[in-house]
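4 protein chains.
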Amino acid sequence: MRIIEQKGEYSYVFSRYTEPVARVQPGEEVVLKTEDAYCGLLTSENDDLEEVRNKRRGPNPQTGPIYIEGAKRGDTLKVHIINIEAGRDWAVSNIHKFFGGLTPNKFTRMINVGLSDKIYIYRLDKEGMFRHDDYLRFPWKPFMGTIATAPDLEAVSTLTPFENGGNMDCPDVKPGNIVYLPVSVDGAYFFTGDCHAVQGEGELCGTALEISAKVTLRFELIKGKEITWPRIESADEYMCVGSARPMEDAARIAYAELIEWMTGFGWDRLDAYQALTQAGKLYCANMVDTNYSMVAKVSKSLAER
Amino acid sequence: MRIIEQKGEYSYVFSRYTEPVARVQPGEEVVLKTEDAYCGLLTSENDDLEEVRNKRRGPNPQTGPIYIEGAKRGDTLKVHIINIEAGRDWAVSNIHKFFGGLTPNKFTRMINVGLSDKIYIYRLDKEGMFRHDDYLRFPWKPFMGTIATAPDLEAVSTLTPFENGGNMDCPDVKPGNIVYLPVSVDGAYFFTGDCHAVQGEGELCGTALEISAKVTLRFELIKGKEITWPRIESADEYMCVGSARPMEDAARIAYAELIEWMTGFGWDRLDAYQALTQAGKLYCANMVDTNYSMVAKVSKSLAER
Amino acid sequence: MRIIEQKGEYSYVFSRYTEPVARVQPGEEVVLKTEDAYCGLLTSENDDLEEVRNKRRGPNPQTGPIYIEGAKRGDTLKVHIINIEAGRDWAVSNIHKFFGGLTPNKFTRMINVGLSDKIYIYRLDKEGMFRHDDYLRFPWKPFMGTIATAPDLEAVSTLTPFENGGNMDCPDVKPGNIVYLPVSVDGAYFFTGDCHAVQGEGELCGTALEISAKVTLRFELIKGKEITWPRIESADEYMCVGSARPMEDAARIAYAELIEWMTGFGWDRLDAYQALTQAGKLYCANMVDTNYSMVAKVSKSLAER
Amino acid sequence: MRIIEQKGEYSYVFSRYTEPVARVQPGEEVVLKTEDAYCGLLTSENDDLEEVRNKRRGPNPQTGPIYIEGAKRGDTLKVHIINIEAGRDWAVSNIHKFFGGLTPNKFTRMINVGLSDKIYIYRLDKEGMFRHDDYLRFPWKPFMGTIATAPDLEAVSTLTPFENGGNMDCPDVKPGNIVYLPVSVDGAYFFTGDCHAVQGEGELCGTALEISAKVTLRFELIKGKEITWPRIESADEYMCVGSARPMEDAARIAYAELIEWMTGFGWDRLDAYQALTQAGKLYCANMVDTNYSMVAKVSKSLAER
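Chains as they are written, first to last, in the numbering used here: chain S, 163 to 467; chain G, 163 to 467; chain Z, 163 to 467; chain C, 163 to 467.
Treat the hints with caution; some may be incorrect.
A pair counts as met if it fits within one copy or between any two copies, since identical chains are not told apart.
[Claimed, not checked] Calculated pairs, DSSO-like style, for lysine-lysine (alpha carbon to alpha carbon, straight line, at most 27 Å):
#, residue 1, residue 2
1, K303, K288
2, K443, K462
3, K288, K169
4, K280, K259
5, K280, K268
6, K443, K217
7, K336, K462
8, K259, K288
9, K217, K169
Keep in mind that the hints were calculated from the coordinates and are not lab data.
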């Protein structure tokens, strides 16, 4: 299988403004090597977090853009996530005093003192768990924190989740599932990276178990089918991801998009609204990034009619 | 078993300002009869929704207040939910043009035209499902939409979820689970009502399958233990519910309270913050009420140490 | 002129659940004596702020309820603010580590360390300025931080601004202006208090120059005229105050209500929307209370047609 | 004086990814010709608004980027606004059913029917007023809706206000005032456009009196002085603009930045926080764009010490 590695610098924006690092045919299975959110620079609990952050050009280095042959603006890109393999036997997380769900940050500005930074290194133990100590010990449930196509004109920070995907930090972007993304530029310009060994809902402190990885994907195109926000399909469920601020707007987008999806199965819009009221699921993927991400779900057995 | 029915008018506020309808000893198992959110007035799909809404003194008629013997301000009330029995063989839901997650409303004010109202009557079918038609058909997964103690000085609308519980519309307030509520006035002044035959996460259109019910409960007091927001315990999980606007503040409260709970098991605060980042769950209970409600969860096996 | 002083305890909720302290006829000019936000307990920069806060039953002690003779649910109460006289020659402000626009607080919960508390005493100097030091020195621009009628069923904390007014902390509630409030219960049950010697827009740190005062008012009733949110009239302008979270909802309410006001002058709704786009004013009254308050304004010369 | 006109297509992003259209020396006074928000395509009240919107590549065509000689990342760009001259004797505004402060929109998604679109053409009358009819008639109070430098890596939509300025729709970006912008890339890459003949606070319906214009500017560099958000200086006041969602975050940024500015005059941070509480101003510039913009102000006489 073809292995795609980033040539030169990783990308710190989702954008059309750099040359593709590879061209892939729909149907071809490829492996992408991705770096972790810290670009591999954070390796010890004694590192100076501020220093490491300043060394990076930005968060979440991306492998990409990957040019999908035949993709045209207005199509939908279907990404089959086949497998995620850990790039190494340890993962890193950290608490930062001005980033995270329960700290002041760039937008929710405060003038008081932040808490201390703290770095956590987790090592793979014999039972296949990532272990920091007896209590901070988590199973391998990998997913890609970032997955996106390029927007039409903008170049979007790899910290941001948005209409074309991006830094959704959504645990359902995982092996076995399919992610649907809008194609806004010819060739789609696909990016991924920021793999997480495991993460809870909300990514509360702002960093999951960050890890380098090998991601196996297969692309497919739905020609002439336009979607406006990312969608996810698992064996049993359809999901839409909304990313916005405040969080209720992210929730509104997620459910409104899911209603749109259901109308494609023949649902009347008001009845789909009623159905999701009684049987929809709605969880928070991230409450820490520049937009918050909410995921609305419905079982296939209810949606299909 | 003692059956408590509301004498006289139902309560439309959570408050200390009315006389208790019953006095209950900790440990006694009691059955409370509750009315549905429409006080039983909405019975046909041909009803005039506006007219019915205007007939009510308010939404979500409450059974209560119930005086819990021995409860003192500063205690915690532990409510064991033993059982919920449907009060009838049908349930009602509706879409309202100025209430719900995807419509303009009292606070998210807009000047455009709302959508049409629509009423849905669901009847219990032979398989025990609540059925409107072949597609809108849902299983019996009952819970109490409202559960509260009285606040100290305020009288809070039964549309509002808040520190003492209230209209959280949280599907985890269900048989088998335990709800913990702050006691802010002597006697606790417990209220419940607004039972739902079933509801998805977010209660998207604003009304679940509304039903009258018989709720079997047992109360317990934790003397001198003060909590500031509602907590829920299931067989496997600890949960905290935050209710606020915008929705991210509800999420912050839920996770911050869960960190507090974990410190009670010996967790360092930063480590609990880290643990919930990797293994917490965070779903939306309601995105339609005067405050939004978010539920943060952690497995007992992780929290206890 | 009749002077109304609070008998017994001050009220810490806006509610119908206590007996009126006075009954006033429409047209009568009365003087209300009000206590400051700290109920007069905070008198020195060396006080222990936490201790003082705990001594109070709540923030913003209210003078009231005052029964307005003839007021019926569905009327509008017109409050002419004639004069505000300082109750003493000093005022107090403070910075609190868990209350204010740039600190974590009860709803925007964080886990980091707060900043230090700090108390500021301002004394009236010879030029009539309130002076803390050479730089913190402000003119006398008094207004009432709280002004409300009782809601229908709720009892609302005196920290909260809402549909019936409340803790709007709006500098336009000042001598010379008229405040219009909904009447939700017979007798209106009017409250005021929390006078400020001066305050900027937003009340950034959470406490203005808090002062006891004598407030001269005259009430008037508009029979059978129902409004849903507070309105203010100055010599030149009409204003509506919206109070909600997030802040954009407060802004939406304020402008939507101002459009309603303009339709009363014969404006088409879309044209009023257009007019306010080009000539409306929109400032923040408070960004610190349990709801945020936004004030939308239009000049009378534009609105009247 | 040198007149700079856009060669080729206007820019629909604030970005470093296109070639500068001109190079300007600090100190040189230049005139920039700008197109209106509709790129001159909306000229009649009978136009089909949807059709016109689809013809544009995006909103708010920008004149730029302009390369400022000597500007280095980490400097501050000082923009003196000398004059704005109308490009024609009419202006256009419109109400759109899915854009604006009181309509559903891309983020605040709803499923109900929107209101009708409506276009307003205003013509300059003999008294120098822009007149639609006897009531919709407004004076010439011009300002630039967009003003920005390029961000480091991102390309930001011209609908968005952000750290480097952008679509703030702030009426204080007007002749006589100075705007300070961060320099994030060498040469600064300055953009402006979207001039408004007049606009109220909030730009309620989403479009002001849109007009083409000639803007006279003079640039200056403050070498080695880094700011993180836009600042404005008038004859009497210092202002900071925060742009974010929800609106309270925009307010937090604006006031937090103003505190930073005041510390440069020798203020202790807590005392500046206190000072702004009593004498700061805080208004809404826009409540319709992809971020909301709030402007915090302080008088120079208070700030300078």
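*Against the structure shown, which of the earlier numbered hints fail to hold, in ascending order?*
3, 6 and 8
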